[in-house]
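Here are the chains, one letter per residue:
Number of protein chains: 2
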Amino acid sequence: MDLNPATPAFAQTLAAALPEGTIDTPEARYLEEPRGRYAGQAGVLARPRSAQEVATLIRMAGEARVGVVPYGGGTGLVGGQVAPEGAAPLILSLERMTAIRDVLPEENVLVAEAGVILADIQKAAEDAGRLFPLSLAAEGSARIGGNLATNAGGTGVLRYGNARDLCLGLEAVLPDGQIWHGLTRLRKNNTGYDLRHLLIGAEGTLGVITAAALKLSPRPARTGTALLVIRDAAAALSLLALARDQMGETVSAFELIHRQGFDFLAETMPEVRIPFDTIPEWSVLIEVGTSAALDPAQALEALFAAALEDGLVSDGLIAQSAQQGRDFWTIRESIPEANRRIGSVSSHDISVPLGAIPGFIGEAGERLAKLGDFRINCFGHVGDGNLHYNVFPQPGRSRADHKNQRDAIKTCVHDLVHELGGSVSAEHGVGRLKVGDLERYTDPAKLSAMRAIKAALDPRGIMNPGAVLRAV
Amino acid sequence: MDLNPATPAFAQTLAAALPEGTIDTPEARYLEEPRGRYAGQAGVLARPRSAQEVATLIRMAGEARVGVVPYGGGTGLVGGQVAPEGAAPLILSLERMTAIRDVLPEENVLVAEAGVILADIQKAAEDAGRLFPLSLAAEGSARIGGNLATNAGGTGVLRYGNARDLCLGLEAVLPDGQIWHGLTRLRKNNTGYDLRHLLIGAEGTLGVITAAALKLSPRPARTGTALLVIRDAAAALSLLALARDQMGETVSAFELIHRQGFDFLAETMPEVRIPFDTIPEWSVLIEVGTSAALDPAQALEALFAAALEDGLVSDGLIAQSAQQGRDFWTIRESIPEANRRIGSVSSHDISVPLGAIPGFIGEAGERLAKLGDFRINCFGHVGDGNLHYNVFPQPGRSRADHKNQRDAIKTCVHDLVHELGGSVSAEHGVGRLKVGDLERYTDPAKLSAMRAIKAALDPRGIMNPGAVLRAV
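Chains as they are written, first to last, in the working numbering: chain A, -17 to 454; chain B, -17 to 454.
Treat the hints loosely; a few may be bogus.
Derived coverage of chain A by chain B (criterion: at least 3 residues anywhere in the stretch with Cβ under 8 Å from a Cβ of chain B; other residues may be distant) [what the hints assert, rightly or not]: (1) 83 to 94; (2) 156 to 165; (3) 333 to 345; (4) 410 to 424.
These aren't lab readings, by the way, just hints derived from the structure by calculation.
The structure presented is a predicted model; accordingly, all values stated were derived computationally and were not measured.
Just so it is clear, CB atoms sit at the ideal spot from N, CA and C, and this is done for glycine as well.
With the rest of the complex left out, here is chain A (with noise of 0.2 Å):
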């Protein structure tokens, strides 16, 4: 089905039915993506500021047969915010509905239009008294409405769930125009199909999210920071199982950093402090959040004791201050920028079940060996079964020497990741850079339902054309 380019005359056309500014040309920074690997056409840009503006739009792009490029904070890093290819988009930007409508502290809910910033939807729920849990490096920039199309994680999975966890409802123009209003909160509702799970995580390709209630909870009243020297990666698991069995809940994250983490730490971020004398070749970071009754260093203290008895850990460091606490975290938080600055040859974002991540990580340095000659820095979210396994060059080589062996890396570790039953986008999405890896290891059956549902809400493919499913 050919889509028509978003043209002046189709912008000309917007322009007479919508407030005044709210079509423009739009300027580079909305045709970019974080990692550079796609350059959007420039097409129409809108800004609405209502769903009645966001419905209007829709509904004159379906007539029209024009694509539209939902644009939430631009930091989505597979390419679901810009269209490289097909004909010029009409980019929807929810950047002016950044309204919070409401904060109900006694009901732990928040209700925020979709372009509000991450981490102003986390102060309003502080001021308020509450946690927002959804945290990851983003959130100064990232937009709600965006970090549910894609179903945004973090690091507060472990405790609190993925961004659809967080959502109690939505309201969201569906491709033909027509809003709806699903923005109950309520915590149980069993009446119909769960359309509002089906939007979150569709990168924009069945509707567009214009608001949504979110879920808050209570602020643990004490955090408990360690970083704990652990005997292998398979002790990781045993020591997680350990601390869900002594402190339930309140295990609020759950890092994994290999020693190649550090070493990249020392050779590009000096600044960053690495409290070890020796570098772990495994070690895990922990936060726990407790209420006022629970001292979280002293239950640190006993599930350290209790894993140095089972042979879990051989050493660690458990956070004095809440200083110390920070410290840690910038540890694991400039993991990412130093892998930036070593530069990557190939970077996945992957998740197995929890007990395959040991196998995992054995298997897939074997493999790539076979490839190649390689340093691999293997991180992350252990405690949801998510890691980002990137692989980088030896010292005195470049990602550009290993241009050529990128597809087969990456085809490499995910083929692992799926005979493993893991799933080679844990939680950045599909976009468009991963529309083929969907095509080459989601089951056929699942495949088939998800084209039959995008053919049946948005017949026309006007809906973020060529994200998650290739444009027919």
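The hints should help you fit chain B onto chain A, whose structure is shown.
For chain B alone, coordinates are given in the frame of chain A:
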């Protein structure tokens, strides 16, 4: 689209394609449902032993254009499991698919076939030192496939979520007979539309769940229970917020009890001991489950003291033994039976936003008073905004005396719920009972999207025809 009846000839065709004993004539129990509102048509009974056999049955039903009614434990309260109208169906019972395929305590995962009885899953989790927190009155006969198909709720939702929140992956047969192998154990997986959440809560209208990967939790080491007398219904919400501030996620149940519930118990089940000299107008049952490091009774004492100071509670009991805790639960769990013995005129499984609960209770009482003189028992999972709001005749009168008022009462309650942004089916689903309510109260954009999805995935309309959406 007219369906054909499941005839003896069709039964023979199926029998020839499937192992001996798979195809049968349904006994009466497959045609009944707990509230006796619907009598199902007999048709043909199939009891497959594998997803492959389910796929064969669905494919052959599709070719013959025979409707398929999936059947779990038969405990549903909205008639989703029986077909009283239209062509006689193929009743597809999952009762022989009862394998627990895997228990992985370190991963907190259990993989069960759809026919496993909920209590057996709870038991298997317990044997592995884990908790499967889905808990509801029918757990001794309800099967997990049905629990998921209806997104069951129950008493553990406040802490652990609804059935959908406890499911990591599904194996299911789609309406075209394809098996979707989606039995992932992943915590994070952003590869395409979330088919799992679409099938969960679809009540068998988009396919048949044949197995599920379920999320287990650590077992709380210690449990505390309290029965607190609250100032009024509004105080329940403030008390809940206070409890969660003090104790975070350890609050695992928060159940509202009205004086009427105690009165019904005294009237019909005098063996249930009521631990108050003066029956309180409103009370709440609170359960907390903590790690070993925290004394739950002490935490409840602290909550009681703070709530007393805030004027939220006036009296209360904190269980001093496990037995006393169970006694408190016996009160709560006996209320539905007492209700049955009294005989309701109309029962409502509704939810409203937490903040709207006090207003709902007040306004519903006033509106109903205009319709007649009733006794109202309002109780339930107030922490989830989910109330069972049931209307009874005054003493000396029977439900039959009010038969003609039933529809008016239901509409009165449901209209108010809808005005308040609530749901007319919080946890029981739509089934056949609430198809009209769904049409009346559901947002038109959502309803048309639901119909489009149904038509796309099940173009012949064979899957549980007449449930959720009117058969077309």
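Going down the list of hints, with the structure as the test:
1. 83 to 94: holds (count 6)
2. 156 to 165: holds (count 7)
3. 333 to 345: holds (count 5)
4. 410 to 424: That given contact holds, which follows from 8 residues of the segment 410 to 424 of chain A lying within Cβ reach (below 8 Å) of chain B.
In summary, the structure agrees with every hint in the numbered list given earlier.
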